[in-house]
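Chemist: Residue strings, one per chain:
Number of protein chains: 4
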Amino acid sequence: MPDYQSILEDIYQKLSLDPDRGEVASYIPELANVDPNAFGIYLQLVNGESYEVGLSQTHISIQSISKVLTLAMAIHIEGLNLWERVDIEPSGNPFNQLSLLELESGIPRNPLINAGALVIADVLVTHFKEPKKEFLEFVRTVTNDQSIDYDQKVLESEFSTGFRNYAAANLLKAYDNLHNDVEEVLDFYFHQCSLSMTCAQLAKAFYMFANKGKDMQGIPRLKKRYVKRINAIMLTSGFYDEAGEFAFEVGLPGKSGVGGGIIALLPNEFVISVWSPGLNEKGNSKLGMEALEMFTTQSNLSIF
Amino acid sequence: MPDYQSILEDIYQKLSLDPDRGEVASYIPELANVDPNAFGIYLQLVNGESYEVGLSQTHISIQSISKVLTLAMAIHIEGLNLWERVDIEPSGNPFNQLSLLELESGIPRNPLINAGALVIADVLVTHFKEPKKEFLEFVRTVTNDQSIDYDQKVLESEFSTGFRNYAAANLLKAYDNLHNDVEEVLDFYFHQCSLSMTCAQLAKAFYMFANKGKDMQGIPRLKKRYVKRINAIMLTSGFYDEAGEFAFEVGLPGKSGVGGGIIALLPNEFVISVWSPGLNEKGNSKLGMEALEMFTTQSNLSIF
Amino acid sequence: MPDYQSILEDIYQKLSLDPDRGEVASYIPELANVDPNAFGIYLQLVNGESYEVGLSQTHISIQSISKVLTLAMAIHIEGLNLWERVDIEPSGNPFNQLSLLELESGIPRNPLINAGALVIADVLVTHFKEPKKEFLEFVRTVTNDQSIDYDQKVLESEFSTGFRNYAAANLLKAYDNLHNDVEEVLDFYFHQCSLSMTCAQLAKAFYMFANKGKDMQGIPRLKKRYVKRINAIMLTSGFYDEAGEFAFEVGLPGKSGVGGGIIALLPNEFVISVWSPGLNEKGNSKLGMEALEMFTTQSNLSIF
Amino acid sequence: MPDYQSILEDIYQKLSLDPDRGEVASYIPELANVDPNAFGIYLQLVNGESYEVGLSQTHISIQSISKVLTLAMAIHIEGLNLWERVDIEPSGNPFNQLSLLELESGIPRNPLINAGALVIADVLVTHFKEPKKEFLEFVRTVTNDQSIDYDQKVLESEFSTGFRNYAAANLLKAYDNLHNDVEEVLDFYFHQCSLSMTCAQLAKAFYMFANKGKDMQGIPRLKKRYVKRINAIMLTSGFYDEAGEFAFEVGLPGKSGVGGGIIALLPNEFVISVWSPGLNEKGNSKLGMEALEMFTTQSNLSIF
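So the protein sequences, as listed, match chains A, B, C and D. Residues in the first sequence are numbered consecutively from 1, following this note's numbering. Residues in the second sequence are numbered consecutively from 1, following this note's numbering. Residues in the third sequence are numbered consecutively from 1, following this note's numbering. Residues in the fourth sequence are numbered consecutively from 1, following this note's numbering.
So here's chain A without its partners, still in its complex pose (with noise of 0.2 Å):
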C-alpha cells in the first residue's frame, strides 16, 4: 500500500508554493469572499483509514458537487424512467448549456449540468413533500453527523444572481420538462448548491459511491447498479468541457464544484477530496486538478 500520508504531503508541500492559484468565482458574490490561498485534501480508504493535509475540516460551499447527491436520491426514486426527462452524454462546451437544451428540444445532454441538475430538483421537488428537508437529511445520515447545513448568506447570493439558471429553468417549462413552479424548483437547486461541507464530510458523503452502495456505517443506501452508472456518469460528465481532461489526466469519476471543491473516487478503495478556490478557466479547481493528477500519478491508482 502506498505511503498516503506522505504522498499527501508531498502534493501539499508542492502546490502551496504555486503563485497562479486562478482566479476565485465571482459572479455568486459570497464566494468572491473566500482566501484564495486556500487549500486541503482528505482521503478516505474504504477499508475505514483516513488521511488529511492542510483546511480538510474547513467548510466550503459544495456547488455543483451537490448534484451528484440529487442524483442519487432521484435515481433511487424514478429507476430508470429518470431517462426519460434526462441524457447521460457528455455535453462538450459549456458556453452552450441553453443552445444544447433548444437543440435537444428541453432533454438536458445529462444530469451533472445545470439544466440536468433542475430536472432532478424538480424530480425531488415532486416527490417529497419538503424536499430541502429531505435532502439535508439524506447528507446528514450518509456521513452521520447532523452538523452538516445550507449556507445562508451563500443561498442569498445565489438567489440574487443566478438569472442562467432562472433561464434554464423557464426554458426547461417551455419544454414541458419541469413540472412544479420555477420558483420552488429553484428554491431548491439554489439550496442544494449553497450546502456547506467539510472536505472531510464530502469524502465520507461519497463513501457509498466507492463502496457499492453502502456509506460509512456499512448501510446500503443506492443499488450497486446504479452505483456503477453514476460513477460512469462522473468521469464522462463531471468536470464541464474539461471532463475528457480529467479522465486524461487523473482517470477517476469525480465531480467539481465551483466553491473550488472537487470530489474523486476509486471504486472499492478510496474517496479523495480537495479543496482550492482558485479556479482555471473550464472552472474547475485548479490546484484541486493538479493535486488529483499527483495523487494519481504518485499512488499509481487509475481505473486505466
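Be aware that one or more of the hints could be misleading.
Intra- or inter-copy, both count: the list cannot distinguish identical chains.
Straight-line Cα separation of at most 35 Å, DSBU-like style, residue types lysine-lysine; simulated pairs [stated by the list, open to error]: (1) K224 to K14; (2) K132 to K282; (3) K224 to K132; (4) K224 to K214; (5) K14 to K212; (6) K133 to K14; (7) K282 to K153; (8) K282 to K14; (9) K224 to K212; (10) K14 to K153; (11) K133 to K214; (12) K223 to K212; (13) K14 to K223; (14) K223 to K282; (15) K214 to K132; (16) K224 to K282; (17) K214 to K129; (18) K212 to K282; (19) K153 to K129.
Please keep in mind that the hints were generated in silico from the structure rather than gathered at the bench.
Mind docking chains B, C and D on chain A? Use the hints.
Modeler: Chains B, C and D in isolation, oriented as in the chain A frame:
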C-alpha cells in the same frame, strides 16, 4: 392607379375558398379561441384614400407587430445608442433564438425577435415612469383613436405561458443587457403584445412609416432617417425565418404577429394590413402571406 | 435630378482622405498584390447617362459579385425548381457556413453564400456543355463588351487556396446536392470568381436588374418577376452578415466581392459600382460601404 | 474466475434469437453486402487464455477501430505535442462534426472522430516515408500475424463515397491543421479504415492496451502513461454520441466501427471483441452493444 377595391375583393374571394387555413396559434390559450375562418384586409393609401374587405374592423391581438411601434419609440429616445444593445442583422432560424443570444453574448440579433424586443422594452421601462400608459398613449395618438386598449384576457394568457420569454429575459439579465427587473420588463412586454387593434387601426398606426414619419394628421412622429431604417429592419427581419421568402415573394417591409395579423407598406404609397388567424409552419398568417403576394402581383407595386 | 457628378466627386475627395482603408484580402495571394489606395466609382443611370470618378476603368477581380450573374442564368434555366436545392433566407453569421449546411441537411441558406453559389454552378455545369464559355459569353453580351475575360493568375490562386470551397462542395456532394464531379463544379466556380471587370463594365452588366430585365441594348435578358426576386435576394443576403447593416444604412439591393468591388442598384433609377480593395472586418469593401452610404444620403435615393 | 465460455455461449444464444439486427451500413457499398446475421465474439484474457463463439475468425472491415491503433503510433511519435493539434474532449452530437470543427477553428474535438483521425493520419504521413506499409507492419507485429491486410474492394468503396471525409480534410487544410496534401492523407486514412481483421486478430492487437503497453509476446509497444490516456479517450469518446451510454451500460474503454465491430477492454484483465454488422441508430453494432452489456453484467467486471 390600380382599381384597389377590385383587387382586394378578388383576393378575398379567391382565398376564402382555400380549405387550408393553417393552424391557429395554440401556445397562448386565449388566441386559440379565435375563429380560424376570420379574414380581413385594410388598405390605407398615403394620399388618404382607403379600401377594405372582410373583417377589417374586428379587433385582433397584434402580438409581435407591436415590436415595430416600441422600436419607433425607443429609437426616438436613444438614437444610435440603441445599436450598442441590439444588432440589426436577420436572425435566420427561429429555433435557436436563445442559442444565438448565448453565442452572441447577450446582444440580440435584431429588435424584432423576442430577445431584441425585450431590450427595447427595457429601454422604455427605463425612460418612462409609466411605460404601459405611454405606449398606449403613443398608439392612440398616432391613430387618433382613443378606443385602442390592452386585452386583459390575452394578457393573462401571456403571463401564464410565457416561459420562453422569461428564459430570454433572464438570459439577457445574465449578460447585463437588461437594466430593470425581469418582472417589470416582462410586464411591459406582455402588455404591448396584448394590444388589441383592428386592421384599420393597424394601417393607421403604421401610416407614418409610409409617410416619411408623419402620421395621418400630418404631425411628424419620427425622423425621416429613422423611418428609412425601421423599414429596412422590417424588410430583413420582419417575418422570422421567412423574411427572405417575404422579401422574395412580396417585396415590402412588413411585420407579422402570431395572432395572424400582418402589416406591410410601400414607402410613399400605402400601408396594408391583413388578418387571418391560421398560421403557416413558419408562424406567419397563411392567408395573410398569400394575400400580400397576390396584392403586389396584381397591383404591380413593390420596392424591387 | 441631383447633380450626380458633384456628389461622386465630393464622396471621392472626402473618402480619399480616410487613412483607414481596411485590410486587403490576403487569403487569395493574387488579390493581396493590389494597391490598397485604389478607389473608383461608376454610376449608370437607367436613362442612359453615366458618371464616374477615380479608377472606374481599372480591372478588378469581381469574385462573389459573379454569384448574382450565375444566379440570373440558373433561374432562367430552372425557374422555381431552383429553390428545391437552395433556400432564399439570409444566412446570419458567416463563420458557420459549413455548420449551417450540416444543420440544414445540405440545402444552402441562399444562392449568394459560397455553398449556394456552388449549387448554382452545378446547375450551369449540368445544363451547358461548355459552362465557362457560356458564362463569359453571357457577361460579354449583356455588357456588349467582348474584352471581358477571366484572370488566369487569380484563377491559379483560387485553385491553390480554395480549401473551404473544396470542403463545401464535398459536403454538398455528401448530401446529394451536387450532381456533377466536385472538380468540375469547382473549376467553373473558380473561373466565375476570377472574372476581371472594371466598375464601368460591372455597372453595365447589372443594368438589367435596374431595368426590369432589359440590358443596355434594350434586349430582354431576364423575366421581370425574376429580376424582382433577385433584387430581393441581393437586399437580404448580398453582404454576408452585414446584409442587415447595408439595408439599414444604404437601403439598396447589392452585392460585394472580396476583391473590394460592390455593386448596388435602385430599380428603375440607377446602378452604381464602387471599388476599393481594403475590406472591413465583415469582408466588405470599407470605402465602398461608406461611399454608398454617402451616395444614398446625399442623393436621397433608397428603396425605403 | 467466471466461467467465460458459458457466459459467451449464453450471450450468443440469447442474442441470436433477436429478430432486430439493426441496419447494415449502406453508405459504403462494399459494407452493405455483408450477411446481417453474422455474429461472433472473441475474449482474450491478459493471462493468455482465450474464449470464442460464433464467427470470431471471420474477416471484417475494422473501419474506425483503426483510429485507436493510429493514435497509438502517433502518440508514440509526437508525445504531448499531439494535443496542440487535436483536443481530448467528448464530441457530443455527431451530426455537427464539421460544425464543431468550424466553431473550434480547425482543432478536432478528439482523435476518435473522423476529423481528429485525419489529423492523426497527417502526423503519420509526415513521419513515415511509407505510412501505409508502416501501419500494416505495426498491426502485423503486435498481433504476430503476417496475414493481416487491407481489403481492396472496401478501399475502392471508401474512395468513391468519402465526400464527408474529403470535406473534413479540406476544412482542416483551410485551418492549417493538415500539413500534407489532402489526397495523400485521405489515401492513408481510407487504407487504415479498410483494414480487414477477425475478432481474434482485433483482440490480439488491442492486448497491449489491457497489458500496460506490452503486446502478447510481452514486448513493450507503448509507454504505460500513454496506454492509460488512450484508454481514457476510448471511454469518453469511443462510441460517437453513444459514448456516455456505453460508459453507463458497459463501463469499459472501447471503440466501435461502422463495419459492426466493437473492441472493449478491462485494464489488467481482458480484451473482448464482438462483431455483428447491423447498426443501431447511433451507428454502433446493435448486437455488439447488447453483448457487451450482458458480458459485464454477467461477469460482474467493469471499471466502475
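Chemist: Against this structure, judge whether each hint is valid.
Modeler: Status of the hints after comparison with the structure:
1. Taking CA atoms no more than 35 Å apart as the test, K224 paired with K14 passes between copies only; the shortest distance there is 24 Å, against 38 Å inside one copy.
2. When the C-alpha separation of K132 and K282 is checked against a cutoff of 35 Å, the pair qualifies only within one copy, where the shortest distance is 29 Å, while the shortest distance between copies is 39 Å.
3. Only within a single protomer do K224 and K132 lie at most 35 Å apart by alpha-carbon distance; the minimum there is 26 Å, versus 46 Å between protomers.
4. Taking the closest pair of Cα atoms, K224 and K214 come within 35 Å of each other both inside a single copy (9 Å) and across two copies (33 Å).
5. Within a single copy, K14 and K212 get their C-alpha atoms as close as 34 Å, and across copies as close as 28 Å, so both meet the 35 Å cut-off.
6. With identical chains, the CA atoms of K133 and K14 are never at most 35 Å apart, being 41 Å at best within one copy and 46 Å at best between copies.
7. Only within a single protomer do K282 and K153 lie at most 35 Å apart by alpha-carbon distance; the minimum there is 25 Å, versus 46 Å between protomers.
8. For the identical chains of this complex, K282 and K14 are intra-copy neighbours only, at 22 Å inside a copy versus 45 Å across copies, given an alpha-carbon limit of 35 Å.
9. Both within a single protomer and between protomers do K224 and K212 lie at most 35 Å apart by alpha-carbon distance, with minima of 5 Å and 28 Å respectively.
10. When the C-alpha separation of K14 and K153 is checked against a cutoff of 35 Å, the pair qualifies only within one copy, where the shortest distance is 33 Å, while the shortest distance between copies is 57 Å.
11. Taking identical chains as interchangeable, the C-alpha atoms of K133 and K214 lie at most 35 Å apart only when both belong to the same chain, with a minimum of 22 Å there against 53 Å between chains.
12. For a Cα distance limit of 35 Å, the shortest separation of K223 from K212 qualifies both inside one copy, at 8 Å, and across copies, at 32 Å.
13. Proximity of K14 and K223 under a CA criterion of 35 Å is satisfied inter-copy only: 26 Å between copies versus 39 Å inside one chain copy.
14. In this assembly of identical chains, the alpha carbons of K223 and K282 lie at most 35 Å apart whether taken from the same copy (33 Å) or from different copies (29 Å).
15. With identical chains, the CA atoms of K214 and K132 are at most 35 Å apart within one copy only, with a shortest distance of 23 Å there and 52 Å across copies.
16. With identical chains, the CA atoms of K224 and K282 are at most 35 Å apart both within one copy (32 Å) and between copies (27 Å).
17. For the homomeric pair K214 and K129, the shortest alpha-carbon distance inside one copy (26 Å) is at most 35 Å, but the shortest distance between copies (57 Å) is not.
18. For the identical chains of this complex, K212 and K282 are neighbours both inside a copy (31 Å) and across copies (31 Å), given an alpha-carbon limit of 35 Å.
19. For a Cα distance limit of 35 Å, the shortest separation of K153 from K129 qualifies both inside one copy, at 25 Å, and across copies, at 33 Å.
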